[in-house]
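Start from the sequences, fold in the hints, and give me the full structure.
Spelled out, the chains give:
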Amino acid sequence: MLSRLLRQFLFALLHLILNFIVGAQNVYCRYWLKKHSLQDYEVTKTDLKLIVKHIPKLSKQPKHLVVLSDSDYHSIDDLARMVIWSLVAGIPFLSFYDVSGQLSYQEEKLFNAVEKNKKGVPGCIKWSKKPDLNGYTNGIPAHKIVVNIFSCQNGRSTITQCIKKMCEEKIPYNRKSDQITAQEFDDVISAVYPSIPDPDLALFSGPVCCTHGLLPWQIRLTEFISLSVDYNLSVESFVGAMYKYSKCDQRFGT
Amino acid sequence: MSLWIKENCVSFFQLFCIKVIKTGRVPQHIAFIMDGNRRYAKKNSVDKSTGHHKGFDKLSETLKWCLDLGIPEVTVYAFSIENFKRSKEEVDALMELAREKFQNLLDEIDQIDEWGVRVHVAGRLSLLPEHLRSLVSKVMLATKDNNRLCLNIAYAYTGRDEISRAASRIIDGVKENKISPENIDEELISQSLDLGEPELLVRTSGEVRLSDFMLWQISNTVLYFTDVLWPEFTIWNLLAAIIHFQRNAPPIKAEDTNETAHEKEEFLKYLEQRRAQELTKYIS
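Protein chains in written order, with the working numbering: chain Z, 1 to 254; chain U, 1 to 284.
These are calculated hints, taken from the structure and not from any lab test.
Fair warning: this is a prediction, and the values are worked out from it, not measured in the lab.
Hints are supplied without guarantee of correctness; some may be wrong.
[As the list claims (entries may be wrong)] The following residues of chain U were derived to be distant from chain Z, with all beta-carbon distances above 12 Å:
(1) Leu141
(2) Leu239
(3) Ala254
(4) Thr260
[What the hints assert, rightly or not] Below, computed lysine-lysine pairings styled on PhoX-like, alpha-carbon distance capped at 25 Å:
(5) U:Lys42 x U:Lys85
(6) U:Lys85 x Z:Lys170
(7) U:Lys42 x Z:Lys164
(8) Z:Lys116 x Z:Lys53
(9) Z:Lys176 x U:Lys178
(10) Z:Lys165 x U:Lys269
(11) Z:Lys164 x U:Lys175
(12) U:Lys281 x Z:Lys164
(13) U:Lys48 x Z:Lys176
(14) Z:Lys170 x U:Lys178
(15) Z:Lys164 x U:Lys178
(16) U:Lys281 x Z:Lys176
(17) Z:Lys247 x U:Lys48
(18) Z:Lys170 x U:Lys175
[What the hints assert, rightly or not] Stretches of chain Z that chain U covers, calculated by requiring three or more beta carbons in the stretch to come under 8 Å of a beta carbon on chain U:
(19) 71-83
(20) 149-158
Where is the CB? At the ideal position from N, CA and C, for every residue including glycine.
Written out as structure tokens, the structure reads:
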């Protein structure tokens with residue numbers, strides 16, 4: 001009885017100490033960031049200079065970047081800045097994964113925020129349901145980026161629909177043996193998704209790494225890298241994440 | 001002395017710490033991507049085969065820790081279909097290691113039953129050499145009634161392959177009128193897969209990807225990546241992962257009280273029977 005009370009006390013104490021340490025870290029970070037960050041809503045020249053300075057040096061860059069975004073913590077302007085940074089960094093495909101389910105309804109707002117932030121930045125931003133945003137070069141290389149928004153409807157739900165249609169013979173599929181192979185199923189799945197490469201890199205923020213249902217079929221080799229522990233999206237953390245990604249060594253099973 | 005569950009590897013102090021952590025919420029299903037055996041071998045200038053043997057020893061220690069923590073289900077990624085691309089020498093050595101260990105398990109079946117460990121091997125078993133397939137099936141049938149800890153070993157497995165095989169079973173089920181398309185939903189697919197949903201996934205050796213492991217199942221799993229190499233994984237690394245889980249896990253989902261459609265239940269029972277028949281076929 002006494003030993004059980006002692007264990008419960010120690011358990012509560014352990015978590016209390018951890019809460020205190022994490023809380024102190026958060027306060028320090030927030031104070032530090034408040035002191036040194038630029039509070040502008042728009043992408044600044046400093047942001048772009050930082051990206052242009054560092055990104056071309058990297059040996060490896062993602063072709064398709066996914067940002068796990070949570071409307072409870074990330075503002076539309078935060079996400080709009082990510083689009084511009086990714087454009088300048090030369091990432092061809094950028095997707096937002098809508099964790100809280102609200103981003104899909106705010107696509108118009110996001111589009112407008114991106115348009116505002118893009119002024120003066122060269123390159124072309126292609127949206128699935130909106131007009132292209134073009135620009136002219138002025139010393140910064142002009143890239144093209146395709147932006148998509150995914151939600152959990154695009155994950156298990158889409159795979160389930162695929163299987164249903166295969167059962168109803170509404171979708172043709174190959175089946176050479178008793179059990180369908182991953183390649184044969186991939187041929188079916190690829191037809192229902194936009195033809196973009198699988199995500200190489202998924203950036204998340206917050207204390208925990210969780211996919212929240214992100215595109216299960218497509219994330220088999222996706223690297224998960226943290227942007228920040230406190231949901232803050234800064235250009236420094238973006239560049240830092242790109243550095244970490246460039247050091248990853250994919251062995252593909254061998 | 002059991003080879004699969006390493007007894008006497010926990011000191012009094014470690015057991016005390018386990019008991020303290022156990023006071024809180026402990027994940028009901030942990031998955032491990034046991035990465036780093038070959039890098040460990042290189043670091044310690046031994047051959048890869050020794051690295052893999054050390055990796056197995058670490059698995060048996062980890063199983064003991066999980067038993068002490070009261071974790072009812074553990075899944076480990078032992079061999080991916082992609083690993084068949086490695087040199088013939090290494091693949092043969094890994095198959096031989098598996099053969100040796102599964103044979104050991106059968107030899108010490110009484111101790112395994114005493115520990116209450118149920119072994120399930122998930123993967124495309126048709127890719128395994130016949131003798132290994134037969135051994136694996138014997139092990140699964142021999143331990144199927146144990147219920148203290150369920151150990152799932154993903155062997156000749158990838159997440160995509162698992163989803164494809166579940167799709168096959170469901171399509172065949174519709175053809176044989178065991179299930180109708182209206183009753184196909186995410187829940188049915190989850191139940192038709194080989195593996196359940198883990199609450200915590202731990203990957204060692206510093207890699208931060210899933211490598212085609214449990215792609216469907218990890219939608220709500222806490223992913224924990226650690227730099228330590230698998231053969232060097234300690235009880236403290238495991239406890240740190242569990243503390244991280246305790247601090248950050250999503251709240252426990254309330255049980256779905258809606259009754260599952262009768263047809264779905266019957267179909268799932270039918271799949272169970274088919275699996276058992278397949279295993280019996282592999283043995284003979």
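Violations among the numbered hints, reported as their numbers in ascending order: Numbers 2, 6, 7, 12, 13 and 19 - these are the hints that the structure violates, sorted from lowest upward.
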